[in-house]
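What follows is each chain in one-letter form.
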Amino acid sequence: MNLIVARLIAQRLALGLLLLFAVSILIFVGTMMLPGDVAQAILGQSATDQAVANLRAELGLNDPAWMRYLDWLGGILTGDLGTSLSNGQSIADSLLGRAGNTFFLAFWTALIAVPMAILLGLLAVRYQNRWPDRVISGATLTTISLPDFFIGYLLIYFVAVKLGWFPSVSTVYDGMPFVERMRAIALPAFTLTLIILAHMMRMTRAAILNVMQSAYIETAELKGLGGLKIIWRHAFPNSVAPVINVVMINLAFLVVGVVVIEVIFVYPGMGQYLIDHVAKRDVPVVQACGLIFATVYIGLNLIADVVSILSNPRLRHPK
Amino acid sequence: MADQLLEIADLRIGATVYPPGEKPRDVTLVDGVSLTLEKGKVLGLIGESGAGKSTIGLSAAGYGRGGVRITGGTITVNGEDILANGQSGLRRLRGKTVCYVAQSAAAAFNPAHRLMDQVVEATLAHGVLDRASAEARAVELFAKLGLPDPEHFGQRYPHQVSGGQLQRAMTAMALCSEPDLIIFDEPTTALDVTTQIDVLAAIKDAIHDTGVGALYITHDLAVVAQVADHILVLRNGEAVEYGPTRDIIEQPKEDYTRALVSVRSIDHHARQPESQPLLDVDAVSARYSADLPPVLNQVSVQLSAGQTLAVVGESGSGKSTLARCITGLLPIESGDIRFAGQSLPKALKSRDKETLRQLQMVYQMADVAMNPRHTVATIIGRPLTFYFGLKGAARRKRVLELLDAIELGPEYYDRYPAELSGGQKQRVCIARALAAEPKLIICDEVTSALDPLVADGILKLLLRLQESAGVAYLFITHDLATVRAISDSIAVMLQGEVVRYGTHEQVLTAPFDDYTDLLLRSVPQMKLGWLEEAIDGRKMTGQDQ
Amino acid sequence: MKLPNNPLANIPIAALIGLILTTLFVVAAVFAPWIAPYSLSESVGDMWESSSAVHWLGTDNLGRDLFSRLLYGARTTMTIAALATALAFSLGSILGILAAVLGGWADQLMSRTIDLLMSIPTLIFALVVLSVMPSTTIILVLVMGILDSTRVYRIARAVAVDINVQDFVEAARLRGEGRVWIIFREILPNALSPLVAELGLRFIFAVLFLSSLSFLGLGVQPPEADWGSMVRENRQGIVFGVPAALIPAGAIALLAISVNLVADWVLRRTTDLKGGRSG
Numbered sequence: 001m002n003l004i005v006a007r008l009i010a011q012r013l014a015l016g017l018l019l020l021f022a023v024s025i026l027i028f029v030g031t032m033m034l035p036g037d038v039a040q041a042i043l044g045q046s047a048t049d050q051a052v053a054n055l056r057a058e059l060g061l062n063d064p065a066w067m068r069y070l071d072w073l074g075g076i077l078t079g080d081l082g083t084s085l086s087n088g089q090s091i092a093d094s095l096l097g098r099a100g101n102t103f104f105l106a107f108w109t110a111l112i113a114v115p116m117a118i119l120l121g122l123l124a125v126r127y128q129n130r131w132p133d134r135v136i137s138g139a140t141l142t143t144i145s146l147p148d149f150f151i152g153y154l155l156i157y158f159v160a161v162k163l164g165w166f167p168s169v170s171t172v173y174d175g176m177p178f179v180e181r182m183r184a185i186a187l188p189a190f191t192l193t194l195i196i197l198a199h200m201m202r203m204t205r206a207a208i209l210n211v212m213q214s215a216y217i218e219t220a221e222l223k224g225l226g227g228l229k230i231i232w233r234h235a236f237p238n239s240v241a242p243v244i245n246v247v248m249i250n251l252a253f254l255v256v257g258v259v260v261i262e263v264i265f266v267y268p269g270m271g272q273y274l275i276d277h278v279a280k281r282d283v284p285v286v287q288a289c290g291l292i293f294a295t296v297y298i299g300l301n302l303i304a305d306v307v308s309i310l311s312n313p314r315l316r317h318p319k
Numbered sequence: 001m002a003d004q005l006l007e008i009a010d011l012r013i014g015a016t017v018y019p020p021g022e023k024p025r026d027v028t029l030v031d032g033v034s035l036t037l038e039k040g041k042v043l044g045l046i047g048e049s050g051a052g053k054s055t056i057g058l059s060a061a062g063y064g065r066g067g068v069r070i071t072g073g074t075i076t077v078n079g080e081d082i083l084a085n086g087q088s089g090l091r092r093l094r095g096k097t098v099c100y101v102a103q104s105a106a107a108a109f110n111p112a113h114r115l116m117d118q119v120v121e122a123t124l125a126h127g128v129l130d131r132a133s134a135e136a137r138a139v140e141l142f143a144k145l146g147l148p149d150p151e152h153f154g155q156r157y158p159h160q161v162s163g164g165q166l167q168r169a170m171t172a173m174a175l176c177s178e179p180d181l182i183i184f185d186e187p188t189t190a191l192d193v194t195t196q197i198d199v200l201a202a203i204k205d206a207i208h209d210t211g212v213g214a215l216y217i218t219h220d221l222a223v224v225a226q227v228a229d230h231i232l233v234l235r236n237g238e239a240v241e242y243g244p245t246r247d248i249i250e251q252p253k254e255d256y257t258r259a260l261v262s263v264r265s266i267d268h269h270a271r272q273p274e275s276q277p278l279l280d281v282d283a284v285s286a287r288y289s290a291d292l293p294p295v296l297n298q299v300s301v302q303l304s305a306g307q308t309l310a311v312v313g314e315s316g317s318g319k320s321t322l323a324r325c326i327t328g329l330l331p332i333e334s335g336d337i338r339f340a341g342q343s344l345p346k347a348l349k350s351r352d353k354e355t356l357r358q359l360q361m362v363y364q365m366a367d368v369a370m371n372p373r374h375t376v377a378t379i380i381g382r383p384l385t386f387y388f389g390l391k392g393a394a395r396r397k398r399v400l401e402l403l404d405a406i407e408l409g410p411e412y413y414d415r416y417p418a419e420l421s422g423g424q425k426q427r428v429c430i431a432r433a434l435a436a437e438p439k440l441i442i443c444d445e446v447t448s449a450l451d452p453l454v455a456d457g458i459l460k461l462l463l464r465l466q467e468s469a470g471v472a473y474l475f476i477t478h479d480l481a482t483v484r485a486i487s488d489s490i491a492v493m494l495q496g497e498v499v500r501y502g503t504h505e506q507v508l509t510a511p512f513d514d515y516t517d518l519l520l521r522s523v524p525q526m527k528l529g530w531l532e533e534a535i536d537g538r539k540m541t542g543q544d545q
Numbered sequence: 001m002k003l004p005n006n007p008l009a010n011i012p013i014a015a016l017i018g019l020i021l022t023t024l025f026v027v028a029a030v031f032a033p034w035i036a037p038y039s040l041s042e043s044v045g046d047m048w049e050s051s052s053a054v055h056w057l058g059t060d061n062l063g064r065d066l067f068s069r070l071l072y073g074a075r076t077t078m079t080i081a082a083l084a085t086a087l088a089f090s091l092g093s094i095l096g097i098l099a100a101v102l103g104g105w106a107d108q109l110m111s112r113t114i115d116l117l118m119s120i121p122t123l124i125f126a127l128v129v130l131s132v133m134p135s136t137t138i139i140l141v142l143v144m145g146i147l148d149s150t151r152v153y154r155i156a157r158a159v160a161v162d163i164n165v166q167d168f169v170e171a172a173r174l175r176g177e178g179r180v181w182i183i184f185r186e187i188l189p190n191a192l193s194p195l196v197a198e199l200g201l202r203f204i205f206a207v208l209f210l211s212s213l214s215f216l217g218l219g220v221q222p223p224e225a226d227w228g229s230m231v232r233e234n235r236q237g238i239v240f241g242v243p244a245a246l247i248p249a250g251a252i253a254l255l256a257i258s259v260n261l262v263a264d265w266v267l268r269r270t271t272d273l274k275g276g277r278s279g
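Protein chains in written order, with this note's numbering: chain R, 1 to 319; chain Y, 1 to 545; chain D, 1 to 279.
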């Protein structure tokens, strides 16, 4: 790794941290400064003024905003995500197991979806404008238009309820055997796969097609090289960066898609925890979850940036 | 005939086009072209854009770009029908018997691999040589083609070497597998003239030394005359004239060929400058940003009213920057630009409407210089309304007059730019500039994107308009032939400085400075043996680093 | 540039189907009160009756006529989605083009703000806001519109930056034209077709987004109903084998697919037109 690349990557990382800092301010300000009093919102319109005032004092709402922000940020940096308003429990403790569940689901989904998307993308390029490409493109255009819960409930209705192959509710608990756990996440993982597969495959296809239309591919064809050799030696090295970019962007989608899927399958993950507490107007929980989701999202985009810097021959071999 | 390398008989090539909102339709790109090429000889394919010359060239490798297909005729290489054995037969042919050199080597090399790996790839894939011998041959070819440090040249990546070097490397790549036929597709068109001559000489030597046969495709007859044994002139996918190079150049039979040969032979008498210049550029320096070196350094030129000053130079010479400074798009750093006796404010936004009106500009790419959503009437009419407040019938009448002045009929009034040909677009741009009734028009490479015959028409039009309207031109170009044809005075620029400046006669008469000499010698001339003369007579080597 | 006289003359079959279905959805939404056999909230039967001559699509979890609710739901869903899309478009395209034309620090300021807004996933951002704001129609339109305007801004700015550096815009500047002419006469006509093609896709996104929010219980609130909240109300039935929730979910899917088919066709046509450059 040379100096230019190292400097560029350091720049991106610094930019990512700066962005994260700005996002934390945005989330904090968004929940604290918007019209509508938080204390009033929690207690409802019927609450007495005294009760509202008490809650305001308890929440520290009477302190200046910047002080509350620094308190909050300091807490997060030391692993203290605050206390839930609705049940008084430590948010960090409640989140730990749930975050584990969410990442378990996301991990297995990615493990199925990513290779499948790349394979289908390659297939579509290989048979461009012929029937495999048309079928794949038509199917993905359709799945892109389907709401997450439509796919989810369709699967529950037919696969779980009518056929009884998998449980319709994805209950998991500590110490659950691995096979059981996999059975429980089968349907949500499959639903998520369908949701991100379409996007990822379409973008992969576009990225590879873009490379396949380059002049150097024509050069390779005019050298009399075989189809596989052209793809492997000439298309692949230049497609790595755009394809990884596509994968990262879609993994970021996945992080968000998880929220709805967890609600559909009543899966005890971070998404459902967030939704429950949004409804209860439990601001500290929403702030903490929002920040975690945003961090993962920014992190994945950062990885995509770094990979494309690393794989650029112009940067790796400067003049 | 045993020594026949390539034989194409009654070739027909078609493609399907998909016009928006209409049914797809088949078009014919090449219609019944036949040609033959003997072993070790060079055949030049020449024609303007749309002539089908690249399509024919690639068909010799059985290749069609993006949906182009061979619909009829036979293609025989070394006595074998290349289309007879399907894709696998073509694969054996390509890269081994028939190789290809593209116009833009920069795009044709894979950015991810070292040059050596790409140069020997076809040789290894077809089992012509083992890796060690292939690399040794590549190094030998690098040396023959005049590449620097041939031993280690192959270790570099494509982006690490210059355009001229890449073009040579691509020629080495084609020669490496010792093919019988190489297709050269405009291999020097994208290069500067002083680089072009070196690459051209290198290619010619390499063809001669290896005894390979070649199809040499270009739009520039003067270039192809230097390397080809025979020339086939093409137009709209059909053959116009075929013959030995000498006959085509010296005794063309067809009118079209004659027009191509006599292009740029415009008769123009250069005038002497007047004492009071219209435009006086005085010791101007400019740079794009404070931490970059200046792109213009102490540039001084003058232009008299109604005359033409040609500013000539290669890419990076600063000639276009000079235009940007005069128009105010790039405020100058020091010096002074006086126009009609008045000092021009440096920045565009501090100039008044009257100054802007008197100084108009015509661009290189006419199709992006006009708003595609405006009609010709709006494009030419807007300056009339903007500067003179002309409206309604008066405006319409004046637009029609201007259309007439650029030799376009009233039927063009309501057309959109996309409905015009390249030459017509440039004419409309000229009319737009004329509509402002300016004293000076800056012409930035206005003919370099056009085919030679069309460009000729534009130059003649500009000269005629100069006589009738008395407008002065600042003519920016890289093409010395154009300069010769139209200028009254000339400034030669190199790396941001004016290296030679004076009247037409002063600049183009010996003794020359080194750079002007190099430039003059590098312009391809329509005669046999020019390349050898030019190479022998050079005092200074090209800027091909 | 020759436009075909009748743009529908060569419409592909898929786009035609999309166009017909989209029209049907719009008609259903507009004329819901006249078409619907029952009112929105009237309980007219048992819980989760299956479809019959009286109740074409059966009844919902509170015994309300599902077909009638579907029609009214179309109204709510499409109105909010359309308003949000309109807001996203006007806001995003005006700011985007302005950023491109102004350049310099104004562009930097706007673009970095948009970067910041886009660095938080849209759904998460909406959830954060809706945790402190009531889910009224106006708030929903504002939140969805503003969040989606970031996408439109990106596209509009990219397109406008591209056009802004073209020679014909420079020619207008050299002529001395003011900003108004440059934005409205030079840039906008050329930026319009890629933006219009994007319109359909943004509308689908708004429909799906609103449905997700309502499904999560944070979008349209009872007694109002949209398709997402209807899925939410009837989801318990799925486990017992009652497919009522699938009907509004399917309606969303069908609408999204129809609009997608039309948008895809428009997109192809405009890219074809853009490629009409000769030489």
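Any given hint could be a false lead.
Covered stretches of chain R, as calculated for chain D (at least 3 residues, CB under 8 Å) [what the hints assert, rightly or not]:
{"#": "1", "region": "62 to 70"}
{"#": "2", "region": "147 to 159"}
As a list, the in silico SDA-like pairs of lysine to any residue whose alpha-carbon atoms are at most 20 Å apart [said to hold, decoys possible]:
{"#": "3", "chain 1": "R", "residue 1": "Lys229", "chain 2": "Y", "residue 2": "Leu124"}
{"#": "4", "chain 1": "Y", "residue 1": "Lys353", "chain 2": "D", "residue 2": "Val180"}
{"#": "5", "chain 1": "Y", "residue 1": "Lys460", "chain 2": "Y", "residue 2": "Gly306"}
{"#": "6", "chain 1": "Y", "residue 1": "Lys391", "chain 2": "Y", "residue 2": "Met365"}
{"#": "7", "chain 1": "R", "residue 1": "Lys280", "chain 2": "D", "residue 2": "Pro134"}
{"#": "8", "chain 1": "Y", "residue 1": "Lys439", "chain 2": "Y", "residue 2": "Arg396"}
{"#": "9", "chain 1": "R", "residue 1": "Lys229", "chain 2": "R", "residue 2": "Leu122"}
{"#": "10", "chain 1": "R", "residue 1": "Lys162", "chain 2": "D", "residue 2": "Gln236"}
{"#": "11", "chain 1": "Y", "residue 1": "Lys349", "chain 2": "D", "residue 2": "Glu177"}
{"#": "12", "chain 1": "Y", "residue 1": "Lys391", "chain 2": "D", "residue 2": "Glu177"}
These are calculated hints, taken from the structure and not from any lab test. Beta carbons are placed, not taken as given, at the ideal position from N, Cα and C, and that holds for glycine.
Inset, instruction - Sort out whether Leu122 of chain R lies within 20 Å of Lys229 of chain R, counting only the CA atoms. - result: With Cα atoms ~14 Å apart, Lys229 of chain R and Leu122 of chain R stay inside 20 Å; holds.
Legend entry - Given hint Leu124 of chain Y paired with Lys229 of chain R - CA-CA distance at most 20 Å: holds, 13 Å
Legend entry - Lys439 of chain Y paired with Arg396 of chain Y [C-alpha distance capped at 20 Å]: Judged against 20 Å, a Cα distance of about 23 Å means the pair is violated.
Inset, instruction - Assess, step by step, whether the Cα of Lys349 of chain Y is no farther than 20 Å from the Cα of Glu177 of chain D, and give holds or violated. - result: Holds, at about 10 Å.
Inset, instruction - For the pair we were handed, Lys460 of chain Y and Gly306 of chain Y, check the Cα-Cα distance against 20 Å. - result: The given pair, whose Cα atoms are some 15 Å apart, holds under the 20 Å limit.
Legend entry - Within 8 Å of chain D's CB atoms, at least three CB atoms from the region 62 to 70 of chain R: coverage verdict: violated (count 0)
Legend entry - Satisfaction of hint between Val180 of chain D and Lys353 of chain Y, Cα-Cα up to 20 Å: Holds. Lys353 of chain Y to Val180 of chain D sits at ~17 Å (cutoff 20 Å).
Legend entry - 20 Å limit on alpha-carbon distance, applied to hinted pair Lys162 of chain R and Gln236 of chain D: holds, 15 Å
Inset, instruction - Verify the proposed pairing of Lys280 of chain R with Pro134 of chain D, using a straight-line Cα cut of 20 Å. - result: holds, 12 Å
Inset, instruction - Report holds or violated for chain D covering the region 147 to 159 of chain R, Cβ cut-off 8 Å, minimum 3 residues. - result: holds (count 8)
Inset, instruction - Take the C-alpha atoms of Lys391 of chain Y and Met365 of chain Y, compute the straight-line distance between them, and say whether it is at most 20 Å. - result: violated, 29 Å
Inset, instruction - Given the hint that Lys391 of chain Y pairs with Glu177 of chain D, test it: the Cα-Cα distance must not exceed 20 Å. - result: holds, 17 Å
Comparing the model with each numbered hint stated earlier shows that hints 1, 6, 8 do not hold.
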